[in-house]
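A.B. asks: For reference, the chains in residue letters:
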Amino acid sequence: MANYRVHHKTIYDYENEVQTSHLAVHLEPLNTWGQILHNFRLDIRPVPRDLTRRVDYFGNATQIFNLSEPHRHLEVDAQSLVTVHPRNVIAPQNTFSCAQLRSIMENVAGDDLLQAAEFLLPSPRVPLLAAARDFAAPVMQDERPALDAALALCAKIHSDFKFKRGVTDAHSPIEHLLRHKQGVCQDFAHFAISCLRCFGIPAAYMSGYIRTSPPPGRPRLIGADASHAWVSIMIPQYGWVEIDPTNNCLVNEDHIAVAKGRDYGDVSLIRGSVLGGGKQTIKVAVTVEPMTSLA
Amino acid sequence: MRMPSHAATDTVQVQTGISILNGYAPPSGAYDEVFDGVGNTRQHWSTVTDKLAQIGADAFRQRAAQVRRIVQENGVTYNAHGDTEGSHRQWVVDPLPMIVSYDEWSAIERGMGQRVRLLNSVLADIYGMQKLLRGGQLPASLVHGNPHFLRPCHGLQPLGGVFVHLYAADLARAPDGSWRVLSDRIEVPSGIGYALENRFITQQALPDVFRAAGPVRLRPFFQRMLESFETLVQRRTEQPCIVLLSPGPNFESYFEQAFFARNLGYPLVEGADLTTRDNRVYLKTVAGLKQVDVIMRNVSSLGCDPLELDSTSTLGVSGLVQAARAGNVAVANSLGAGVMESPAMPAFLGGLCKQMLGEDLSVPSAQTWWCGRGEDLDYVRRNLSQLVVKPVFRNRSGEAMFGPLLDRNSLEQLDARIAASPNSWCAQEMLSSATVPALEEHGLAQPRNFLMRVFMVATKNGYEMMPGALTRVAPKSGGCCSVSMAEGGTSKDTWMIAPPDMPLRDHPLPHTGPVRIRRSTAELTSRDADNLFWMGRYMERADSMTRLLRVLISEVQDCPDATVPPNLTPFLNIAFALKPGSGEADMMDLDEAETKLDELLYEPDAAAGLVSHILAMHGTAAAVKERLSLDAVGIINQLARQITDEQDAAQGRNHGLRLNNIGMLLAGIAGTMAENMTRAMDWRFLDLGRRIERAHNIAELLLHVFSAPAPHSDAMLANLLICADSRYTYASRYLTNLKAEAVVDLLLTDASNPRSIAFQTQAIAAHVANLPVAAIEEPQTRRRRLALFIASEVDLADVRELLTPDSEGQVPMLTRLMARVSDRLLALSEQLASHYFAHSDNKRILSSRSF
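The listed protein sequences correspond, in order, to chains A and B. The numbering used here applies: residue 1 is where the first sequence begins, and numbers increase by one. The numbering used here applies: residue 296 is where the second sequence begins, and numbers increase by one.
Just so you know, the hints here were simulated from the structure itself, not pulled from any lab data. A portion of the hints provided could be inaccurate.
Unchecked claim - If you anchor each label on the Cβ, the simulated ranges turn out as follows: (1) B/Gly455 / A/Arg5: 46 to 54 Å; (2) B/Thr607 / A/Arg102: 32 to 40 Å; (3) A/His180 / B/Gln681: 43 to 51 Å; (4) A/Pro86 / B/Thr607: 51 to 59 Å; (5) B/Ser473 / A/Ile90: 52 to 60 Å; (6) A/Ala285 / B/Ser1129: 32 to 40 Å; (7) A/Arg5 / B/Lys585: 44 to 52 Å; (8) A/Pro219 / B/Glu670: 49 to 57 Å; (9) A/Arg102 / B/Asp673: 20 to 28 Å; (10) B/Lys585 / A/Glu15: 30 to 38 Å; (11) B/Gly455 / A/Pro290: 49 to 57 Å; (12) A/Arg53 / B/Gly431: 58 to 66 Å.
Said to hold, decoys possible - One side of the interface only, derived from the structure: several residues of chain A facing chain B at Cβ under 7 Å: (13) Asn66; (14) Glu69; (15) Leu113; (16) Gln115; (17) Ala117.
Unchecked claim - Selected chain B positions facing chain A (in silico; Cβ < 10 Å): (18) Asp420; (19) Gly423; (20) Leu428; (21) Ala435; (22) Gly440; (23) His443; (24) Pro447; (25) Gln452; (26) Leu454; (27) Thr570; (28) Arg572; (29) Gly598; (30) Pro601; (31) Gln617; (32) Ala621; (33) Ser716.
Just so you know, even glycine gets a beta-carbon here, dropped at the ideal spot from N, CA and C.
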């Protein structure tokens, strides 16, 4: 069990006055099996007159608000207190084979699997690319246990692509990663999802954080000073199992999940439309602080 | 009489006295609308066929030619799909109507009513419990994989379960005479405006036939639509605000949206005219923000809210989905209803109808196969060459493919694509649809395939169908495949003829109580005010340029010398945008001046030329079309057409004729507007633009003429009076005695002369005093003070004093005053713009990212 205090602050500065802006944020961590959200606090400056919290189609909390007074500076400050429980231990070798999983999903019945089936379809930012299929084919053999295959895929992505900022941007299609062999966690996650869906494995995009300071003797994780993204796959025997292609690992106690969607577009941390403002600069600060107690 | 030009292809010799239907021979085996299998006229057509025989083919074709003129003058256009660059196609109307009997119409209405009820039930499930997906009655991938299934709208259940407020369907008639639904129009069902326009036009062209046949009127259907939208108003309010959300003039069917706005009396708005705050939607009007109750949208659902739907859309309004969720605004049709437009859906509607309504579909869909089902896939691949194949989600990989039109190679490619991704494909049977007589440009009517688009509206008592339709006719005979206006087809009015003893459905008038007297119609949006104001300015600018060119061109043509005579200099300076008193124009030889004047008269690229002013006026008028009278729109269209048509004919240019013609049409536009527009806010903005421009132009004229180095000659003063359109007023007072003080008095200070500056500035001050003042402003605003200041300064001017010459014989007091007035008018124009027209639209999308 691990306790975290997460502080995620985003500051926008505009060259000119913004007339009005509308924002929708996915910053509140999930309160779900394996993760308890004790406290969440969202501070916005300037203070919006109306703020609505709702639970979206995928079960994520989202806050929608509107700033109708002119402003040049916008702060979105999210703080949460979360406990993450260790995941059940699953032996990758003991999962259904890729072929079995595919045939189960082809004949879906029942609520859970119907929902999972939505994560098999191509989505706006994750087309089912032939190139993804070709990339994954060597590791995704039909008879191979699905989780074993998925972890092998993570390893292949981890070794074939280099983590590098500035090569891709938030709107880059996954072809960019393939072309440049470089990208960030969002690109890795999207690409892994495309590979998995091509082979009939339901795969979701997870948005969240990982702990900033590693436990003694362990390396610092990539993406720790920012928000992070990874992948969740459906293994019908066990339910959703999370894997992290950027860090080439099974997700356990180091990841704090904020939202789950088909791809980044469903769970953008901050999405908005702004009238006026001219040039903008963005500053983001994320700290994930492990805590011994919740006091 | 126009004879067939190609005797070889048009073998039918036209003779007077012969019906347009003579020799009409529908293909055997097909169903024809007019004649039954043995060649007898169907009963509901007999009145019309008799009339057509009386009229005769020649007279009928003359009427058809008239129709083409009417369509052109009314400016009915259709912007083909995806063609946003404004190449608006002319709508083509065939005056021969399509006729449907009452019995048949009633059966179709029942069938379509059942279909919309079914669509609503399925939508309620898709955006609710999704039991149909869980139970497998509807494949989940057709919903979850559909880009028109909008997850942010999940859970948004409209009032009374009515997702589909307006509905349209394309119907075709099978060879056995029964109807089939080819496609459902749910997202933005278009065509009602065109159907009505066709009715107006056909009724004008065939008044005698219309009277004899007596088709059921379409007007009451509009009343139904009005009532229908009013039922969506949730707020308790005296004056609910219902708006038509349009993607703007460059998009398909803008004509229709303007037509709706005019006929329903709702403001036609674009996304930038709306704003949301506190989970409510507001309209930006010249009088401030006004809460919107109902949005009748002509923008696709995805484009309606960049915050929660397509973030790249500039057509919608951020926060709309949230406002709809909060129940503060109703959107019709419901956001996301387009998910049911997938061409694969009909494969499941029959079964769903049995299950959900316990009935069979009374008007079946054309048979449809979804390749995601094994047996359907087999069938489609075996019969590919006889089917219409479509991608299941409309805007992905293009349009329908017609098996019979594909060669072997393309069929194989298509087969491979289907095999690779069966879920993405569906196919529809190819109907050899019925024929209807269609008018040809030459010769007699020919049998052509057609589709009939019918329209339904949700009312308190269920769905009602428009007692008419939009019939679209394929361009070629045997054109079994595609009937689309974009491909050169024509359209027809559609008459529903009720037997005389048949009591029509009772349509009680809705408001039986006393009518609330209203003095203003739709709210004036900031954008409309902006367009009206500039339309006024461009109108006046074109008008004054016309008079200036008339003077200059005739003087230059008559001039015996090779150089520019000095008395023309000030006028050339204005035309060529040179400084007052500049000697530059004097240096020109006459040929050069003439070439430059030619450009101003003919070249659309000449920035300050007459053509660009008129086209700018036409553009602003097009954007506020629904606020202008049809006559005004007609003349404006005619003017824009003429000046561009003549463009090409470089030979035989007659400057004088062209200018006279333009002058007359401009006067016609001004006159029509003055006589037809109510003196509401829209008039004020239009007239303000016009008055400001005119005052500014006269001030410029006076400034240039009295800055000229040469003493102002009689010729110069005479030309000044012509340019200011005051020659006859002057002559009636002073005969031919041209005196500067009398001229300046008439053009500057005489408030009784509608061409004087004083007349304009007083009108401007009165308009500005009547414009709305925001609650947070001081009542005596800067713009009001400025308008008053200009009017007073002109009012107090002493003409003799202004004309006192200085040591160099100049009149600096007058020229300085004119320069001041001119600058202040422009400043006023800017103040009006920043207060009333501000609707900055540089929207941008914020995003953040994960690493």
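A.B. asks: If a hint holds in the structure, say so; if it doesn't, say that too.
C.D. replies: Hint check results:
no., hint, result
1, B/Gly455 / A/Arg5: 46 to 54 Å, "48 Å, holds"
2, B/Thr607 / A/Arg102: 32 to 40 Å, "34 Å, holds"
3, A/His180 / B/Gln681: 43 to 51 Å, "47 Å, holds"
4, A/Pro86 / B/Thr607: 51 to 59 Å, "42 Å, violated"
5, B/Ser473 / A/Ile90: 52 to 60 Å, "59 Å, holds"
6, A/Ala285 / B/Ser1129: 32 to 40 Å, "39 Å, holds"
7, A/Arg5 / B/Lys585: 44 to 52 Å, "46 Å, holds"
8, A/Pro219 / B/Glu670: 49 to 57 Å, "56 Å, holds"
9, A/Arg102 / B/Asp673: 20 to 28 Å, "21 Å, holds"
10, B/Lys585 / A/Glu15: 30 to 38 Å, "31 Å, holds"
11, B/Gly455 / A/Pro290: 49 to 57 Å, "53 Å, holds"
12, A/Arg53 / B/Gly431: 58 to 66 Å, "35 Å, violated"
13, Asn66, "5 Å, holds"
14, Glu69, "10 Å, violated"
15, Leu113, "10 Å, violated"
16, Gln115, "9 Å, violated"
17, Ala117, "6 Å, holds"
18, Asp420, "13 Å, violated"
19, Gly423, "12 Å, violated"
20, Leu428, "6 Å, holds"
21, Ala435, "6 Å, holds"
22, Gly440, "4 Å, holds"
23, His443, "12 Å, violated"
24, Pro447, "7 Å, holds"
25, Gln452, "14 Å, violated"
26, Leu454, "20 Å, violated"
27, Thr570, "6 Å, holds"
28, Arg572, "4 Å, holds"
29, Gly598, "13 Å, violated"
30, Pro601, "5 Å, holds"
31, Gln617, "5 Å, holds"
32, Ala621, "7 Å, holds"
33, Ser716, "9 Å, holds"
The structure fails to meet hints 4, 12, 14, 15, 16, 18, 19, 23, 25, 26, 29 from the earlier list, while all remaining hints are met.
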